[in-house]
Amino acid sequence: MADEGRPGATGGETYPDDIRYHPEHDWARVDGEEATFGVTWFAQDNLGEIVFFDPPGAGATVSSGQPYAEIESVKAVADVFAPLSGEIVAVNEALSDAPERINEDPYGEGWLVRVRLADPAELGSLLDVGAYRALLDSERGEA
Amino acid sequence: MTRYTSATGADRREMLDAIGAASVEELFADVPESMRLRRPLDLPDGMAEQDVHDHLAALAARNRHCDAEVSFLGAGMYDHYVPAVVDAIAQRAEFLTPYTPYQPEVSQGTLQAMFEFQTAISELTALPVANASLYDGPSSVAAAAYMAKLETGRTRLVASRGVHPHSRATLATYGRGYGTTLEEVALDATGATPIEELASAVDGETAAVFLQQPNFLGTVEDLGPLVEASRAHGALVVCAVDPLTLGVLEPPGEFGVDIALGEGQPLGNRLDFGGPSFGFFAAQERFIRRMPGRIAGETVDVDGRRGFVLTLQTREQHIRREKATHNICTSQALNALAGVVYLSWLGRRGVVEIGELMLRRTAYTRERLGLEAINPGPVVREFAVRVPDLDALLERARAAGINPGYPLRRDYPEYGDGLLVAITERRTRADIDRLAEVAAAAREQVTA
Amino acid sequence: MSPAEPRTLTIFERSRDGRRAFAPPATDVPERAVEELLPAAAIRRTPPRLPEVSEPEIVRHYTNLSKRNFDLDTGFYPLGSCTMKHNPKVNERVAGLPGHARLHPLQDAPYARGALELMWRLERALAEIAGLPHVSLQPSAGSQGELAGLLLTRAYHEDRGETRTKVLTPDTAHGTNPASVTMAGYEVVKVGTARDGGVDLDDLRTKTAEDVACLMLTNPNTLGLFDTGIEEIARTVHEAGATLYYDGANLNAVMGISRPGDMGFDIVHFNLHKSFTQPHGGGGPGAGPIAVSDRIEPYLPVPRVVHVPSTNGAEPVYELRHEAPKSIGRLRGFQGNFGVFVRAYAYICSVGGDGLRDVSETAVLNANYLRARLAEAGVGELLPAAFDRACMHEFVLSGAPAKRELGIKTLDIAKRLLDHRVHPPTVYFPLLVDEALMIEPTETETRETLDAFAEAIRSILDEAREDPDIARNAPYDTPVRRLDETSASRRPVVREQHHPG
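Chains as they are written, first to last, in my numbering: chain A, 1 to 143; chain B, 144 to 591; chain C, 592 to 1092.
I should point out that these hints are in silico values taken from the structure, not numbers from a laboratory.
Computed from a predicted model, the values in this text were never measured in an experiment.
Heads up, the beta-carbon is just placed ideally off N, CA and C, and yes, glycines get one too.
One or more hints might be untrue.
[Stated by the list, open to error] Sample of chain C residues at the chain B side, in silico, Cβ under 8 Å:
1. Asn660
2. Cys673
3. Glu822
4. Gly873
5. Arg921
6. Leu947
7. Pro975
8. Phe978
9. Glu1054
Looking at chain A on its own, in the form it has when it is part of the complex (with noise of 0.2 Å):
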């Protein structure tokens, strides 16, 4: 029987208003043809510290709303969902000698990869920063 590792976010809580959400807890930047995606800091403060990110290779498709990945902490593991479809074009190679910069900078040096966008259309189908917030006010509510 396993006991539990110890949470490890470091930096404070927030959510850029120049970037989409997905409800699972993912983000996507838009930039014309491409994306870059991410997790939120909310789901990096759940998971702990980020041991590992396993990434698809360059050339694999992703279905928005699928999950396309998995990042891990020492005892926990979660899928990552692709906000968006399309084809990973780049991923980021520094997560693989220094995860825990998904941690410490979850929008900017802990972006996970690169997608050429299938279907620009999809981006409504996603939240703006205040649809999130309430999103995140709620769920904490349940718990």
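For this one, chain A is given, so just place chains B and C on it according to the hints.
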């Protein structure tokens, strides 16, 4: 009250009072009437310790063990000498009685021993990462197949018939669950795995190829070309090895295999009629987060002191549950401890010396027996011969207090008159000469 | 245990070129060159860098290592779900007899009669305890018993021409259950837990369809509660044509009281390293025999022990049968962990049929007593029982109020217990209880030990009211203190790198 429980009548009354229950019976109120056993278990009553001892000693006395005959039995487990230091350490309560080291602050003994064991297995196999043990050799083979299936997404397995029959049978059993098929490649006329046949059996659907060095017949396989042929279509290459031959045989890591594994019994473990022993499992670095079983890792505590923890636990069933790399929980920690103590005892030179001794005695025995060899090429620790009247030899040898080896007919119908003869450091020249004399006498009897 | 000391060295770091513990036996056959006996490509070029140490150094190294372990012979070990009961010493003695320990697994049956008879007798005893007629001792541990049970289930359905794809497991299940399900090629379907801690029957009925192959259940479950809905569960599962699998991890609660076979289970696994006293060895070895009903019997693993009773005064015959047309085959090498069978059989002989019932009754009494002690004022409001019912052999508390009121987590309580020379209970399992503490005292502990544990918990909570940092930074008095598991996982170091040579 049994002799292993302490609750007296007074204890029970006072404890029930504290609970607020009138009787022990009341504590079982949730068990439905229809599901209660309304009679005593149909088993004998408890016995005094001395009677238990005598009963089990009487059963043990009906077994002919390796000190009661001269045994050339091998075929996966071997009569090696287990030094006293192994028993002394492995019987220490501090190693014998704790659970899995989930509280590392009070489990450094077990955790460091696991780390040392992993290091020793890495050194023997020349592969960078090893786990802290699996159940045994054959089930480790099945664990490798599961890993290969998850890694490649393919479902076809290819195994040389030189791989232990129990390993191949286990692969077939597990495969019915996780959905793999098994194709076997027959051995050639020299008892070795044929390279061309192996190469043509491997295709783009093959998840893994299984080899064994030395193979079940004791043949030293030509591993380089076999590994090369195996990996042509992207399959993982898995090689079972006998750890006590790795002082003289080039280790699997030097041939670029992906996984090396095997049965750990030769390393300081008892025969125990087949278990418990341990399986070991080593692999290339890139598989470290795909490995089955527990792994100990080095770290520091809050005061900066060196310490060890179970690491990479997200692979395991208690965290990853249905997506785990294997379902194993309890493994063979105490047996692996015996393994690393044994390897420390043997040491860097000892492992070479014992390998050379087995090599020379194997060669001597094969020549001395003078029977037709099934595998006439290079052999170590074991070899197979054809015996014209196998049953006559078995009978005569038994009568002389010798167990001449393992008849191959059950596992290899193609070698119906085959006998597998195993050599360890315990089989002296005098033992071998006696076997040769019995074999010669049996042969004369047949001829006469 | 020894107090903290400077940097611990591995056996590899103690190595010095030229030392040795092993002296090889004399070479009594011609000393032919290795190059003459092996092809060049097969000869090892660099010897493995094993340690070079003398025997005294080995003894001192591993003896000192052993003192960095907490163990059951030293102190209380109430690890829930693990049944850390006393390991009788006579078991070690009989397991070490040469007739057992030095018996080759391929010895012919006529020369291994004692071993085969022991296996047969153990099979019969386990069959009686399970209430199921047929036993295979072969599985190496509980997890392999589970896999065997699922492969048996698959063989059973396929033999009837049915294809079923799903296996139900409660959300309270041990992690091995879902892991075994996937390995056996099935899809896991989770069943919820009702308010009383048992299986949610409505959820079960909804999910039990024709594509369900099996329900895996632990009873009493991992909350330490006997599922009162067991009759209805068995009926529901059997009506759908599925098999019912009993995870025997918690058998220590019901031996001689209620039998899985009588509850309607088709397949049961035993953990001989839990209820039947095989020492845990720091993580094995164990053994996970299975008992099955008549309809499952044809598929049992091979080899199987066959007993031909004596006739006309002749000796009874014990053999191994290697062929069975419908068998799932073998799961491992040889016959199983025989050394574990010897200890389990010795234990059953020692306590007897009457004693096994006493064992379970006392285990349940001890658990309920400790539960009552921990419900007392000053403790109970901070660590309430997750389900307020009589428990079986173990119980689960929630540390959520302690976390809220005192600011210490269950993990902190566990770590502080180490300073009290007690092994902590299982923590953070089962997953559905917040800040769970799962406590299994076992029948072999005295009331005084249980009282001392209750007092230790009380003193930790009292201390935390004054200064929660004491628990948060515990332990203090252990060979090492809290370890950095994060770095160990981020940049794993899994072997000694810098040893001489």
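Each hint, compared with the structure:
Proximity of Asn660(C) to chain B holds as hinted, the smallest CB-CB distance being about 4 Å (cut-off 8 Å). Hint on Cys673(C) holds. Least Cβ distance to chain B is approximately 5 Å, under the 8 Å limit. Because the beta carbon of Glu822(C) sits about 6 Å from the nearest beta carbon in chain B, less than 8 Å, this interface hint is met. Here the hint on Gly873(C) is kept, as its CB sits about 4 Å from the closest CB of chain B, short of 8 Å.
With its C-beta approaching chain B no nearer than about 5 Å, Arg921(C) sits inside the 8 Å limit, and its interface hint holds. Checking Leu947(C) against chain B by beta carbon gives a least distance of about 6 Å; that is within 8 Å, so the hint holds. The closest approach between the C-beta of Pro975(C) and any C-beta of chain B is roughly 16 Å, which is over the 8 Å cut-off, so the hint fails. Annotation: Phe978(C) was flagged as interfacial toward chain B, and the flag is violated, the nearest CB pair being 11 Å apart, outside 8 Å.
Given hint, Glu1054(C) at the interface with chain B, is violated; its Cβ is 18 Å from that chain's nearest Cβ, farther than 8 Å.
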